[in-house]
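Q: Sequence:
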Amino acid sequence: MATQPDQTQTQPLEREALLQQARERAGLTDFGDLWFLEPMDHFIVASNREGRLTPVGREGTVEVIVKGLVSRLRMVEDIKRHPEILDEQVDVAGIILGLPRTGSTIFQRLLASAPGMTGLRWFEAQNIAPFPGEERGNPVERRAYAQAMIDGWLQLSPELASIHPLEPDAPDEEILVLGQMFVSTMIEGMNYVPSFTRWLNTYDQSKGHEDLKTILKYLQWQDPSRKGRKWILKSPSNLPYTEVAAKAFPDALLIMTHRDPLQTVPSYVSMQAALYKLSATLTDREVGEFWFPRLVEWMRMFEAARERIGEDRFIDIDYREVGKEPMAQAERVLTRMGIPVDAQLEEVLAEFLAGNKREQRPMHDYSLERFGLDEEAIKREFAAYRERYIL
Numbered sequence: 004m005a006t007q008p009d010q011t012q013t014q015p016l017e018r019e020a021l022l023q024q025a026r027e028r029a030g031l032t033d034f035g036d037l038w039f040l041e042p043m044d045h046f047i048v049a050s051n052r053e054g055r056l057t058p059v060g061r062e063g064t065v066e067v068i069v070k071g072l073v074s075r076l077r078m079v080e081d082i083k084r085h086p087e088i089l090d091e092q093v094d095v096a097g098i099i100l101g102l103p104r105t106g107s108t109i110f111q112r113l114l115a116s117a118p119g120m121t122g123l124r125w126f127e128a129q130n131i132a133p134f135p136g137e138e139r140g141n142p143v144e145r146r147a148y149a150q151a152m153i154d155g156w157l158q159l160s161p162e163l164a165s166i167h168p169l170e171p172d173a174p175d176e177e178i179l180v181l182g183q184m185f186v187s188t189m190i191e192g193m194n195y196v197p198s199f200t201r202w203l204n205t206y207d208q209s210k211g212h213e214d215l216k217t218i219l220k221y222l223q224w225q226d227p228s229r230k231g232r233k234w235i236l237k238s239p240s241n242l243p244y245t246e247v248a249a250k251a252f253p254d255a256l257l258i259m260t261h262r263d264p265l266q267t268v269p270s271y272v273s274m275q276a277a278l279y280k281l282s283a284t285l286t287d288r289e290v291g292e293f294w295f296p297r298l299v300e301w302m303r304m305f306e307a308a309r310e311r312i313g314e315d316r317f318i319d320i321d322y323r324e325v326g327k328e329p330m331a332q333a334e335r336v337l338t339r340m341g342i343p344v345d346a347q348l349e350e351v352l353a354e355f356l357a358g359n360k361r362e363q364r365p366m367h368d369y370s371l372e373r374f375g376l377d378e379e380a381i382k383r384e385f386a387a388y389r390e391r392y393i394l
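According to the working numbering, the sequence shown is numbered sequentially starting from 4.
Derived from the structure by calculation, the hints contain no laboratory data. Mixed in with the good hints, there may be bad ones.
Here are the simulated DSS-like cross-link-like pairs (lysine-lysine), alpha carbons at most 27 Å apart as the crow flies [said to hold, decoys possible]: (1) LYS210 to LYS83; (2) LYS250 to LYS210; (3) LYS216 to LYS83.
Pair by pair, the computed Cβ-Cβ distance ranges are [to be verified]: (4) ARG316 to ASP33: 46 to 56 Å; (5) GLY119 to ARG18: 39 to 49 Å; (6) GLY119 to PRO58: 42 to 52 Å; (7) GLU170 to ARG139: 35 to 45 Å.
Quick reminder that beta carbons are idealized off the backbone N, C-alpha and C, glycines included.
With the sequences and hints as input, model every part of the structure.
A: In structure tokens:
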């Protein structure tokens, strides 16, 4: 695919300039283990060469990188001052997987609402470290930062309001954190970097998940009310790298959400088109040309990984069943994770569901034709998946 000439309007990203900007903002210099520089360099090369960043997109990309580096600097400093952070016992009880657009967001939030459960909140994923002067357990400034981010996104891409519920305090995806270390599919979800994607397929991402374990301890230490609770993680974008997450959290139940790719593929490509509008100049058909084969690749990688991991780690959740009996599906999973099903649980889940109806957001409108997608091609490429889980 040809590089667009307007790419030259933006100044190239430079590793040292980004690191220095983070040092100056944080007033700190110790990033800890520098393993992340290798994937960072690969991302920068890909972004400069093929990212087609708009000036606004470059500014946003710089901010994402710098705030992630600042968080790392602050966390390293906090651990030096409070070594007890590393003594926190974090129990990751479940990880939700599945193709994107399979209802995983609402299902994670439903599970996280249960007594004894917790999840990574969106505002925390944007800034894992407290801001200077922040009162422990009262992250007012980080919540405000997250809300300002959401407002900015919706101004540039209003259709996101109908695609994904964006709320500062709601549980969200750990790949938002891993992406700040340049080792998650968040990178390809927010920036158009096909060559980085190919490289990431070959890279050992385990150090990112080792750091994620430390980050969860750090977040639990910041909010003592989480002690003793079980964490529910979620990211459909973990799908191609399931084994990395499964090995990092060997006691976690792997929860796979299912929905017909005839709906999920165009829905997700539509979401990606909305996200790319925040940073780059791509046509809808170009987004479809990249993401349809990429989703097929994700599924192929997952299917092979699931066979190696073993069926005993998995539980399957059908999108249609969640729509009909959300409480029953949640209780299936919570029981497997050791959360007792009682009147209190049912009351809490019912309260959550009453306040989180899909019709409270505008409808998400998408079509195959808009993105150059073909129904028969989707049926062909996902035939084995549809036969096993959908049909």
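Q: Is the Cα-Cα distance between LYS210 and LYS83 27 Å or less?
A: holds (20 Å)
Q: If I claimed the Cβ atoms of GLY119 and PRO58 lie 42 to 52 Å apart, would that claim hold in this structure?
A: holds (47 Å)
Q: Against the range 35 to 45 Å, how does the distance between the Cβ atoms of GLU170 and ARG139 compare: consistent or not?
A: violated (22 Å)
Q: Given the hint that LYS250 pairs with LYS210, does the C-alpha gap stay at or below 27 Å?
A: holds (12 Å)
Q: The hint says 46 to 56 Å between ARG316 and ASP33; measuring C-beta to C-beta, is that right?
A: violated (37 Å)
Q: Can you confirm whether the C-alpha distance between LYS216 and LYS83 stays at or below 27 Å?
A: Distance of about 17 Å is within 27 Å: holds.
Q: Lying within 39 to 49 Å: is that true of the beta-carbon distance GLY119 to ARG18?
A: holds (43 Å)
The structure fails hints 4, 7 (numbered hints given earlier, in ascending order).
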